[in-house]
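Participant: Going line by line, the protein sequences match chains A and B. Each step along the first sequence adds one to the number in UniProt numbering, with nothing skipped, and position 97 is 97. Each step along the second sequence adds one to the number in UniProt numbering, with nothing skipped, and position 94 is 94.
Calculated from the structure, these hints are not laboratory results. Don't take every hint at face value.
Away from chain A, derived, C-beta distances all over 12 Å, residues of chain B [stated by the list, open to error]:
| hint | residue |
| --- | --- |
| 1 | 71 |
| 2 | 116 |
| 3 | 117 |
| 4 | 133 |
| 5 | 167 |
| 6 | 168 |
| 7 | 184 |
| 8 | 191 |
| 9 | 210 |
| 10 | 213 |
Partner residues are not named here, just some residues of chain B that face chain A (Cβ under 7 Å, in silico) [what the hints assert, rightly or not]:
| hint | residue |
| --- | --- |
| 11 | 76 |
| 12 | 144 |
| 13 | 203 |
Rough simulated footprint, nothing fancy, chain A against chain B, three-plus residues with beta-carbon under 8 Å [to be verified]:
| hint | region |
| --- | --- |
| 14 | 101-113 |
| 15 | 152-165 |
Quick reminder that beta carbons are idealized off the backbone N, C-alpha and C, glycines included.
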Amino acid sequence: MTIDREWIADHTGELTELSVSHLQAALTAVLLGLLISLPLAVLAHRVRALRGLLLGIANILFTIPSIAIFVLLLPVSGLTRTTTVTGLTVYTLVVLLRNTVEGLDAVPAKAREAAKAMGTRPLRILLTVELPLALPVVMAGVRIATVMSISLVSVATYIGDGGLGQLFTDGFQRNFPTPVFAGVALTLLLALIADTFLVVVEYVLTPWNRKGQRA
Amino acid sequence: MGELLKDLGTWLTSQEQWSGSDGIANRLGEHLEYSLIATAVAAVIALPIGLLIGHTGRGAFLAINLASFGRALPTVGLIVLVFLASGLSMTPVYVSLVALAVPSVVTNTYAGMRAVDPDTRDAARGQGMRAHQVLLRVEIPLALPLIMTGLRLALIQVVATATIAAYVSFGGLGRYVFDGLAQRDLVQVLGGAVLVAAVALVLDLLLAALQRALFRNRPAPIA
């Protein structure tokens with residue numbers, strides 16, 4: 001199997017365009033996933049009865065093949081970006097929900113009680129004590145969800161979207177490995193860049209975890 | 001929606017849908033075959049690596065990066081790439097599924113081994129156990145819940161992803177999804193998806209039950 005470098009050189013514009021569209025779909029899904037999973041995670045953390053139910057539903061959604069989720073959304077949202085992003089969001093929910101609940105569970109009870117004793121209201125405790133302390137575990141979930149989404153966008157190529165995934169269909173139909181190779185390599189590169197970026201974000205957001213590292 | 005569910009019910013329960021080479025029974029068998037073989041191969045490759053990294057403490061960097069690399073690798077691209085390289089054979093299907101499953105098993109095995117209390121390990125050594133005895137009698141039993149979690153996670157992912165075998169013209173339950181997609185037959189797609197999800201859930205529950213039966217004294221972690 002040979003890689004046609006000329007093809008890659010001739011198609012840099014298209015490859016850039018697909019990469020941008022690819023990243024856009026994945027990141028939108030993670031953002032939406034965060035917006036949906038955060039309140040649900042707080043609910044699952046506070047109300048024990050809902051916890052098993054919410055995590056159970058998320059687990060079942062995870063077992064449905066991604067192609068099927070995309071196809072099943074077709075009657076609702078058609079051959080559009082919305083279908084891609086909605087399908088991906090469903091997958092990010094599993095990881096984000098579980099990690100956020102675990103992160104909240106791991107917050108030391110003493111920190112919570114100290115805040116309560118100082119007269120802090122529940123919502124403020126959540127925003128200024130619990131969520132910041134849960135951040136490392138939540139961020140671990142965000143990293144997994146982001147990398148997973150970036151990898152999964154290509155599945156949407158079956159419904160005519162899929163960013164870099166279009167290169168897979170193209171290469172498959174023409175029996176031409178170069179675009180497929182380029183698509184795989186660019187997907188890995190995007191995932192690596194996004195993951196590194198999130199590590200930096202976490203470092204910036206959790207200054208208290210850095211004590212002693214600078215000595 | 002109600003109409004669709006009724007059609008789905010008819011599709012899933014009709015006698016003719018279950019028989020023949022394109023029937024559910026046969027497709028189910030193919031799907032199980034791909035998934036179980038791929039997961040078994042992945043376990044044979046990944047368990048020794050995870051145990052070695054966990055036991056020696058060396059190569060942790062590899063274990064952690066392998067996980068994110070594996071998650072980032074687009075399975076569709078990989079299956080097409082191997083297909084173009086190797087031609088029409090089962091190789092692309094198995095290569096992609098094994099590549100998908102190995103990272104989960106390696107990282108969970110490694111995590112399980114790392115979670116073993118160093119004092120316990122030292123105590124075993126202090127009692128005169130040799131390295132392989134510490135591994136077999138102390139570390140592996142204590143790491144088992146997490147190792148099993150890794151295997152269960154890998155199996156779920158493999159079952160869901162084995163759907164794409166149909167993309168490179170093989171069988172399995174993905175056939176319904178792809179054929180339904182080509183024929184704009186939503187009921188068939190839905191039927192395929194429901195069956196894949198059901199297989200994944202049943203296998204996961206079976207493994208959980210097996211885990212409980214084998215290690216009664218230890219609570220199974222929620223996967």
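Participant: All the hints need checking, so say for each whether the structure fits it.
Facilitator: Hint-by-hint comparison with the structure:
1. 71: 5 Å, violated
2. 116: 20 Å, holds
3. 117: Check passes; 19 Å lies beyond 12 Å.
4. 133: 34 Å, holds
5. 167: Violated: least Cβ distance 8 Å, not greater than 12 Å.
6. 168: 8 Å, violated
7. 184: 9 Å, violated
8. 191: 10 Å, violated
9. 210: Consistent with the label, residue 210 of chain B stays out of reach of chain A, its closest Cβ about 18 Å off (over 12 Å).
10. 213: Consistent with the label, residue 213 of chain B stays out of reach of chain A, its closest Cβ about 22 Å off (over 12 Å).
11. 76: For residue 76 of chain B, the interface hint holds, since the closest Cβ of chain A sits about 5 Å away, which is under 7 Å.
12. 144: Hint on residue 144 of chain B: violated, closest Cβ of chain A at ~21 Å, above 7 Å.
13. 203: Violated - the Cβ of residue 203 of chain B stays beyond 7 Å from chain A, reaching only about 9 Å at its closest.
14. 101-113: Answer violated; 0 residues pass the 8 Å Cβ test.
15. 152-165: Coverage by chain A holds for the region 152-165 of chain B (6 residues, Cβ < 8 Å).
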